[in-house]
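J.: Letter by letter, the chains look like this.
Protein chains: 2
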Amino acid sequence: MNAELISIGDELLIGQVINTNQAFIAEQLNTVGISVTRMTTVGDREQEILASFNDAWKSHDIVVVTGGLGPTHDDITRSVVCKFFNTNLVRNETAFRNIERLFASRGLPVTPLNEQQALVPAGCVVIQNTQGTASGYLFEKDRKTMVVMPGVPYEMTAMMENFVIPHFSRKPSGFVVRHRTLKTTGIAESLLAEKIGDVNDLFVPEGGVSLAFLPSPLGVRLRISVRSTSAVDADRALSEVEAKLRAKAHKYIYGTEKEELEEVVGRLLLEKKMTIAVAESCTGGLIMDRLTDVPGSSAYFLQGSVLYSNESKISQLAVPEGSLLQHGAVSREVAEALAAGVRNRSKADIGLSTTGIAGPSGGTAEKPVGLVWIGFSDNQGTFAMKFNFGTHRRRFKERTSQAALELVRRKLLTID
Amino acid sequence: MNAELISIGDELLIGQVINTNQAFIAEQLNTVGISVTRMTTVGDREQEILASFNDAWKSHDIVVVTGGLGPTHDDITRSVVCKFFNTNLVRNETAFRNIERLFASRGLPVTPLNEQQALVPAGCVVIQNTQGTASGYLFEKDRKTMVVMPGVPYEMTAMMENFVIPHFSRKPSGFVVRHRTLKTTGIAESLLAEKIGDVNDLFVPEGGVSLAFLPSPLGVRLRISVRSTSAVDADRALSEVEAKLRAKAHKYIYGTEKEELEEVVGRLLLEKKMTIAVAESCTGGLIMDRLTDVPGSSAYFLQGSVLYSNESKISQLAVPEGSLLQHGAVSREVAEALAAGVRNRSKADIGLSTTGIAGPSGGTAEKPVGLVWIGFSDNQGTFAMKFNFGTHRRRFKERTSQAALELVRRKLLTID
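Line by line, the protein sequences give chains A and B. Numbers 11 to 426, taken from my numbering, label the letters of the first sequence in order. Numbers 11 to 426, taken from my numbering, label the letters of the second sequence in order.
This is chain A alone, in the form it adopts within the complex (with noise of 0.2 Å):
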């Protein structure tokens, strides 16, 4: 089955709201096989949305409208659904106790404004509001459905996740659409594409799966998509398609779905009981920022330092003043330094180092924007590595913080 999404709002078509209903609706809606093809936004009137309403339905199975359904003048979905289905509107009683209900637990007298809210169009099946006033409508007629919802975030997910997702999986839609994500980086996706070759190969002889390749400034995700009348033969499917995905790109691919590479490094930290400690000159706290923002990162993580100034890189990591003279503070020499002396210092197992010029100014012909060294310290020894992100400042420190933490975790998985 498939669906069309339509979001109604002036507050989205000026872009003062950005729209993220469409993105939980159309996930949600893929876990119970239906598929959305088309997502729509228009504005708060009339012509618009009927016509946006006789199109989708036109061409769908299912149409999900959010939005509009506010007590205010400017709120007219309501009257443009009893158009739609030619009905009209009819007090509903669980409706109205919801919203005595809501306004006594605030302490307030209900308003003649929202006492109408209580109105819903005849026909439909009413979705009761947890959240707020607006009820939500699903409407069944020539084996298709409407659903009908308040455009707030947290209104419109509680009823998807209470009603909408519970009355279409009693409602097998014959197929399932399966995906998997696996996250890589330190590869362009145009090498990447390379060694995975032609992606027809790839596939399952049943056909029905699909490659998408995404990239962002922090690595390339691949996406797999299956759809099967089985459950069982697509979840097969992707595992044997992710299988030869594997072979051909291991040493890139750091994680799966919705995961982080701190995540992966701090999980690898934990199973191997080893702790970490960071001297960043040019990502001025990204990496650390990045290693806390995962919860128990205080068992590997134990302390940094960001040294911006040459004086910091002498006084408190021991940078030797002869190396940062004679090299610069962008060099092999001053990267490893500050890994091992972080190291040192913090007694952790690893010291990890960046210094880099971050720009958008301060390059020179020998050392450009976007040059940064990564040093790596542990009982093993201490080097470093170069590489080049660019001269977009925040997108340089992105990258520079990726690169760093997949040298961490090649190292604890010996990869390469």
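Possibly wrong hints are sitting among the right ones.
A pair counts as met if it fits within one copy or between any two copies, since identical chains are not told apart.
Claimed, not checked - Keeping only pairs whose Cα atoms sit at most 30 Å apart, straight-line, the calculated DSSO-like set for lysine-lysine is:
| id | residue 1 | residue 2 |
| --- | --- | --- |
| 1 | K258 | K377 |
| 2 | K283 | K377 |
| 3 | K68 | K154 |
| 4 | K154 | K181 |
Hints in this document: simulated from the structure, not taken from any laboratory.
Assemble the complex: chain A is given as a structure, and chain B must be docked to it using the hints.
T.: Just chain B now, kept in the frame of chain A:
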């Protein structure tokens, strides 16, 4: 003039990626008097894309398309554009040199897959991509315009700012829409609304003015919008409303438009020729990460530490072990010792510190998750302030970093 936005990509339809491009593009087009009246999202399939092009082209003056311009097999937008405009691909030398330049800067050879990205539809104006390899296109036909850009947000953003908005600015639409945003922090939306009072009192008699409250974890933005036939009138109305808002909420307004608090603090430090050092516990490096996001921050940010373990607080910044034992790590005494300690060690003018319970677990009845002390030290003395920023780990870190930077701003401006 009106516009429809079309986003292309299966990752949007399955809810894997939240579409932030549409809001950004809509907001930008607004500034040059173009109203977005519909937004559509479709998948990576030729028939769906073509249908959405036909539909949008019929009913709008401008169509802005994003997504599906990458180098891999699932990127089909370019070929659909050729079909729609009945044209073919030709090699663009400027685009090719841009690809060469990008790869050279990363020390990589241009792959055949990427070389193909220098092919663009004949008859379009090529929009150069300063951030990546895929060119954008602009077509003008029958007094209508289609703009096609990559879906990668920072590539699209640069094209909008450098090319698309300047292009449409040169074609006056008959009226202007102007927005101004005042950024506040440290006050809840409802209290700010109370301070501001009846919004109608703010507005100019000519009308066409509106005010929106946009809350976020870092503070509430106040957005003034003016629509007028005259740019001069619009700007004057904006300034009048801004002055009235500032009179009512001066203390909380730290910046305008997209200005970040770390930029404001950085500018003040530069003006006063002062330096800062930071000792972070619960924020894990986020404050320093934010400070160093500002180009030129090395002029006032010298160094700092992330001290997660009690041992590191003692050994690195001479926090008295007695304070830690008697009051615990999350206490006024330790926050003050950290701020004074990092100031002493670094010889900076200001020492700033955080110590708190970031959660999601680890709280007690007396010291719940979300509790944080922020310490401040300068040549006038040392003090700490207590806050509670909730149980969501990342938002706790963000709100703490914001409160710490705001504390510095108010001290530097002697507000309060």
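J.: Hints numbered earlier in the text: which of these fail when held up against the supplied structure?
T.: When the structure is compared with the hints, only number 1 turns out to be violated.
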